[in-house]
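Starting from the known structure of chain A, fit chain B onto it as the hints suggest.
Now for the letters of each chain:
2 protein chains.
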Amino acid sequence: MSNVPITVAHGDGIGPEIMEATLHILKEAGARIDIETIAIGEKVYLSGNAAGIAPESWESLRRTKVFLKAPITTPQGGGYSSLNVAVRKTLGLYANVRPCVSYHPFVSTKHPVMDVVIVRENEEDTYAGIEYRQTDQVEECLKLISRPGSEKIVRYAFEYAKKFGRKKVTCFIKDNIMKRTDGLFHRVFEQIAPEYPGIEADHWIVDIGSAKLADTPENFDVIVMPNLYGDVLSDVAAQIAGSVGLAGSSNIGENVAMFEAIHGSAPRRAGQNLANPSGLFLGSILMLVHINQPDIAERAHNAWLRTIEDGVHTYDMFKDGISKEKVGTREFAQAVVDRIGQKPETLKPVTYTANVVDADPKPIYSMPTPQKKELVGVDVFLDWWKGSFYGVANDLGPLVEAVNGDGLKLQTIANRGVKVYPGGFSDTFTVDHWRCRFVADLGEGTAVTHGQINSLLQRLATAGLDVIKTENLYNFDGVKSYSA
Amino acid sequence: MSNVPITVAHGDGIGPEIMEATLHILKEAGARIDIETIAIGEKVYLSGNAAGIAPESWESLRRTKVFLKAPITTPQGGGYSSLNVAVRKTLGLYANVRPCVSYHPFVSTKHPVMDVVIVRENEEDTYAGIEYRQTDQVEECLKLISRPGSEKIVRYAFEYAKKFGRKKVTCFIKDNIMKRTDGLFHRVFEQIAPEYPGIEADHWIVDIGSAKLADTPENFDVIVMPNLYGDVLSDVAAQIAGSVGLAGSSNIGENVAMFEAIHGSAPRRAGQNLANPSGLFLGSILMLVHINQPDIAERAHNAWLRTIEDGVHTYDMFKDGISKEKVGTREFAQAVVDRIGQKPETLKPVTYTANVVDADPKPIYSMPTPQKKELVGVDVFLDWWKGSFYGVANDLGPLVEAVNGDGLKLQTIANRGVKVYPGGFSDTFTVDHWRCRFVADLGEGTAVTHGQINSLLQRLATAGLDVIKTENLYNFDGVKSYSA
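The listed protein sequences correspond, in order, to chains A and B.
If you use this note's numbering, the first sequence corresponds to residues 1254 to 1737, in order.
If you use this note's numbering, the second sequence corresponds to residues 1254 to 1737, in order.
With the rest of the complex left out, here is chain A:
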């Protein structure tokens, strides 16, 4: 079998030491890889590259499609953007995968039985960071959830479960409140789950689901989530497993995949042969499975488990009475190498299987079935304020109604999602951000035109009302597709 080219970055701080240790184990375990080294991080930032990665390095990533990355240091001060965000966005790394495992009794944790994999959507949600200030008082961020984006991550979660022999995939959403956005994610989950009859599928509302995860993680297996929930809960899961220093993760795209430790570059520990290479090493195990070298992954991972269980621990894991030997980075790696061919006796050994070439692979997202989209109105948002937080909606109402015409009429005014006109309550607190809903004169659901909306905007401007944004209202296949 020929070697697989991979791109490696040694990073900053403890990065070079833990990468050296990781590559030492991989080599001794027989990994069939050819390494292309690129420079990323602090030096690249300081040489004037705002994203911390040189243009030629992208070529290596696009060529090898596999990136093993050590932690980096982003320099203090403004103007430096996140390398991880740049890599993720540019290469479309849509899935963040983080296995969170307890190694009880060898690593201390309050949750001795825990083996959870968080599969987090990585590109959408409020984390796209699309934000606006349009009034004195209010800031807005857009939460976007797409069907193909949801299909990609849910599909990935089930394929991961299949490949890694997992029994259950759980979906966390808040679709009792966010019926459209989280509702879409949940519907996609329900559509894809039946294609995997051997894998149990269930879902939790994210609040109580998170509570269960934090209290009894042993009841979970693979959990798939939109970006924000996944960000929070992948940190929670790693921390309560006792394994922030021990966890690796992958960032998977359609073409390129990146593997790393979840911890940072810990500059204060650098250069002292102290750091624990386990996080990056476990990231590299995910990489070996990804490049279809399950035999090597299994051999290296089991040797690592045996090392943990033999009490050969770096300073961060070391605990009197449990640990047997406190070792440095290099000695830890050598201890793993010395155990290649052995398996753990107390901890459960791992097994990995080769990628099966699927004769009829499922598409990772579907072509959308276009629906009949009909424009039925517009929400026009106004910046308006009368110097009071109470009872002014009844002043605004008639001003807005005065621009009714040309087939459009004001239906309601809402403030922070609460209807305040007509018929609002005087004890509803209002801010300077007003949503005015216009629908057809003939009744909600009747089609209107872009031209009617543009004329309305013109009339609002003429009336001196300060339009700050619009949201068109649509029916899809005759069904109202906007919130009340």
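Don't read these hints as lab results, they were simulated from the structure.
It cannot be assumed that every hint is accurate.
Same chains, same names: a pair is fine if it fits in one copy or spans any two.
As the list claims (entries may be wrong) - Taking lysine-lysine and the PhoX-like style, the derived pairs with C-alpha atoms no more than 25 Å apart in a straight line are:
| hint | residue 1 | residue 2 |
| --- | --- | --- |
| 1 | K1363 | K1572 |
| 2 | K1601 | K1572 |
| 3 | K1662 | K1577 |
| 4 | K1615 | K1639 |
| 5 | K1672 | K1342 |
| 6 | K1639 | K1342 |
| 7 | K1342 | K1733 |
| 8 | K1596 | K1577 |
| 9 | K1672 | K1318 |
| 10 | K1596 | K1342 |
| 11 | K1432 | K1465 |
| 12 | K1596 | K1420 |
| 13 | K1579 | K1601 |
Chain B in isolation, oriented as in the chain A frame:
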């Protein structure tokens, strides 16, 4: 001292039993209250009231301004809206407060030392539920964070800490990603904190903060958060304290406040004298402090702690070896009544102090200082799709540029927050939701007019491009106030 009128609802399922038990303890502890009873919940829903509360009941709430509420059952089937949401929105209950306490060793928990209060913003964030579908593939939800809304909740958290003798208030936000929305919440926190020099103030990014909370809750005291994070983490905190069945909460508005248990109506346990009244009882303790009867609150709460510590437990708390006596709802309440005047010996007794009338009370929100707002462009969102998820941005670019004119020009096109034109990458995955940013011909930051934007929208419509929404771009006091 004259009695304080309060409104009481006995609710559904176990509601009537636990309310009876709670009121029995309050009465015997000497609470100076006059009760107005209202009907809410299942029967009211089924009688045709979609919000589960009759119009005349609002009058009682507005009159007494204090609402002690038992859990209710929302009937199955569509068309019934949440009573809690209706009460919260209508009466502006902006603060949700949930103390989460461990009662180790009397109630089992992995976190023996825990006494955390979650103060959650209750009206804003994505939970306003403002959602739109405007393309085949994408759903949108608006996240709104306001300055007065943030001021109210942060102010409340510090005032709560002062009143209840708390030492620290921690803020959880994700302002490294959501720089504007979460950034505003964080800035407000930093502005208000120094007004409370006796109270420590710190903040965490919500991901790692949540991990720390789930792992070592003993390091936290009061935590204040925007709505979504607060929803998730108040459930996490209650669960890991072992106290979901034991936790009460308050929902505080400028005028009205509501007190309740955090659990539901548990219809299957109803009518059997089984249910634990502690959650509602502890909610009523918050109420007694709120209506300035700290002496009664202290007496009743300490009697309850002594009951817990004496091992007199309802079925849900009962554990062999720890509990001494398994009792029903009524017997539990009587056990608390029998201990009025006693204090716990192992658990820490509570002390409450009277409300001090502040000679110079701080306003709960400030009048905004109007800034100079200047319109400098517009993001126009298009529904456009060419049947491919890759590489089509270069086809869209020229179509949009063709409508340049009248002083406005296309600057960039982005898709899910990633710039794709000009100069995008062919490996960026795109959906059918395109953000086209238009700025002044003379350069970004130069003022434009509403008229120019309206003409642009007209030209886009004429060109057959499907505008689905707009977001105006503003500078405030000369500072760019929208994301890249």
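Hints, one by one, checked against the model:
For the homomeric pair K1363 and K1572, the shortest alpha-carbon distances inside one copy (15 Å) and between copies (20 Å) are both at most 25 Å. For the identical chains of this complex, K1601 and K1572 are intra-copy neighbours only, at 21 Å inside a copy versus 32 Å across copies, given an alpha-carbon limit of 25 Å. Taking the shortest alpha-carbon separations for K1662 and K1577, neither the intra-copy value of 77 Å nor the inter-copy value of 68 Å comes in at or below 25 Å. Taking the closest pair of Cα atoms, K1615 and K1639 come within 25 Å of each other only across two copies (22 Å); inside a single copy the shortest separation is 57 Å, beyond that limit.
Proximity of K1672 to K1342 under the C-alpha cut-off of 25 Å is restricted to the inter-copy arrangement: shortest distance 9 Å between copies versus 38 Å within a copy. For a Cα distance limit of 25 Å, the shortest separation of K1639 from K1342 across copies, 21 Å, qualifies, whereas the shortest one inside one copy, 43 Å, does not. Taking the closest pair of Cα atoms, K1342 and K1733 come within 25 Å of each other only across two copies (23 Å); inside a single copy the shortest separation is 33 Å, beyond that limit. Only within a single protomer do K1596 and K1577 lie at most 25 Å apart by alpha-carbon distance; the minimum there is 18 Å, versus 47 Å between protomers.
In the homo-oligomer, the alpha carbons of K1672 and K1318 lie at most 25 Å apart only across protomers (22 Å), although the nearest pairing inside one protomer, at 51 Å, exceeds that limit. Proximity of K1596 and K1342 under a CA criterion of 25 Å is satisfied in neither setting, with 39 Å inside one chain copy and 59 Å between copies. With identical chains, the CA atoms of K1432 and K1465 are at most 25 Å apart within one copy only, with a shortest distance of 22 Å there and 30 Å across copies. Taking identical chains as interchangeable, the C-alpha atoms of K1596 and K1420 lie at most 25 Å apart only when both belong to the same chain, with a minimum of 23 Å there against 50 Å between chains.
Taking CA atoms no more than 25 Å apart as the test, K1579 paired with K1601 passes inside one copy only; the shortest distance there is 23 Å, against 41 Å between copies.
When held up to the earlier numbered hints, the structure conflicts with 3 and 10 and fits the remainder.
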